[in-house]
Amino acid sequence: MADFTSVTDSDVIREAQRGNRAAFDELVYRYDKQVLSIAARYVNQADDAKDIYQEVFMRVYRGLKKFQARSEFSTWLYRITMNVCYTHGSRRQKHARHVQDRDIEGTDSEDHGALGVSEHGSDQHTLNMEISSRVQKALETLSAQQKLVFTLKHYEGYKLREIAVMADISEGTAKKHLFVATQRLREQLKDLY
Amino acid sequence: MNHEHNKETIELLFYGELSGHDREAAESNIQHCAECRAFYEELNKLHGILAHYVPLQATEGLLREARATLRSSLTSAPARQPWWEGLLDRILPASGVPVRLAFGGVMTVAAGFFLGYLAFKSPAPQQQQQPPAATGRTANQERPVLPEGGQISNVKFVDPDARDGEVEFTFDAVMPMHMKGKVNDPQIQQVLSYALLNEQNPGTRLRSVNAMASEHAANTDEDVKRVLITALTSDNNPGVRKEALGALQKFPFDNTIKRAFMAALAKDSNSAIRIDAINALKSASLKDIAGDQDLLNIFRDKVTSDNNPYVRIRAKAVLQEINQ
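Respectively, the protein sequence lines represent chains A and B. Numbered by my numbering, the letters in the first sequence go through residues -7 to 185 in order. Numbered by my numbering, the letters in the second sequence go through residues 69 to 392 in order.
Calculated from the structure, these hints are not laboratory results. Beta carbons are placed, not taken as given, at the ideal position from N, Cα and C, and that holds for glycine. Careful: at least some of the hints might be erroneous.
[Claimed, not checked] Output of the computed footprint for chain B on chain A, the stretches with three or more beta carbons under 8 angstroms from beta carbons of chain B:
| id | segment |
| --- | --- |
| 1 | -2 to 8 |
| 2 | 35 to 43 |
| 3 | 156 to 162 |
| 4 | 169 to 183 |
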């Protein structure tokens, strides 16, 4: 099997467009962790994150032949990721789940965010869990775009201009989403600080 | 004074989005305007609350599962170009539509004759089914289904419909493995990284980070650095986070490591780790602290609002040392 590990992205893409499965696999391995990271932080559910991952790379697989390198492959890929996240977010909002019913006991499950466990014992642990739950609920009240911009900025550390390119929006719009998201989070969590 | 605009600027400052004149102007607003300062402090507190919630991360285990599902989907997905289209392209590259249509017509008639032959030919005698071998191999398979001593888990059906006599599924086959090698060996590091991020036993994660930080480790691998940063910022065991911070100090100090130490100082719930972060930042470069406004702000915040007195004292001492 050909080794693509030291081949440039454009050559790997060309090979993958010709139907070379090993080249497509290499392309996936170069970018999939970031795609999964975006999805995981956005939906905070392992199964949903995997669904988004699957959908993103199936779209890439089906659409790769039409990719003409007018933009970076990563830009195209992350735009697909954002769109799939939005679609997923809209679907979830239609079938809104009750976060307070979700089991957030324990840190072993991949389905739940890690909790800020301190050294001060069970009272602090309970408090941390409550705060975590409140933050989670507050994030769920944001629109899909606000949540995605906020997640990418706050949890992934992307620059706003990078987020704007990924989401195919202007930097001003990305800033607006961030400001509105922060404002809503302030309103929802004000009593905690 | 347009406070709404100032608030947005302060928020951008908080996220490190400003530079140069814009940054100086925002910092000046915070110093001279009480309302702006109050907003900055509120943002600080909000971020402290947000730090209690760490969303799901893309662990190696999750990535492995996602890749396995994708692999099986791609295997069963139709090829982007059917093989016969590619063949047709080679035989009739620029022949145009009429020749392709005629060729298609001929192939349809040939397919009809072939189907007729299949439908009306005499049936072949039934072949006896061989019983599966004791190890789980059928007589016709060269590859074993189950590795010896292996355990199956995570069975997922791709095609559960057995009416055609076949089923298709994916599964994980876990085999016990024994590995010994140099800590710098890429495979050893891969296993150590996986253990540090995924093992549930904190003792195992601690031993993993200690191995990665040993005196024999090369401390130049970017993947190892990323794994250590993930452990520092998200492991739920303070001992593991402390060791990860110590291990990162052995790497050449760069912006990524600085950001990780800053995050530990700003957000870690364990005071010993916050103190280690102060010491690590100080020993890396006082000049770097002095030149980084975000970092200075974190130190100033620690002096006034950290709940641990020794953290406050250490932060103050560092600021005094750089005359801030």
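Verification of the hints:
1. -2 to 8: violated (count 0)
2. 35 to 43: This one holds; 6 residues, not fewer than the three required, reach chain B with a Cβ under 8 angstroms.
3. 156 to 162: The restraint on the segment 156 to 162 of chain A is violated, since only 0 of its residues have a Cβ under 8 angstroms from chain B and three are required.
4. 169 to 183: holds (count 6)
In this structure, the hints that do not hold are numbers 1, 3, in rising order.
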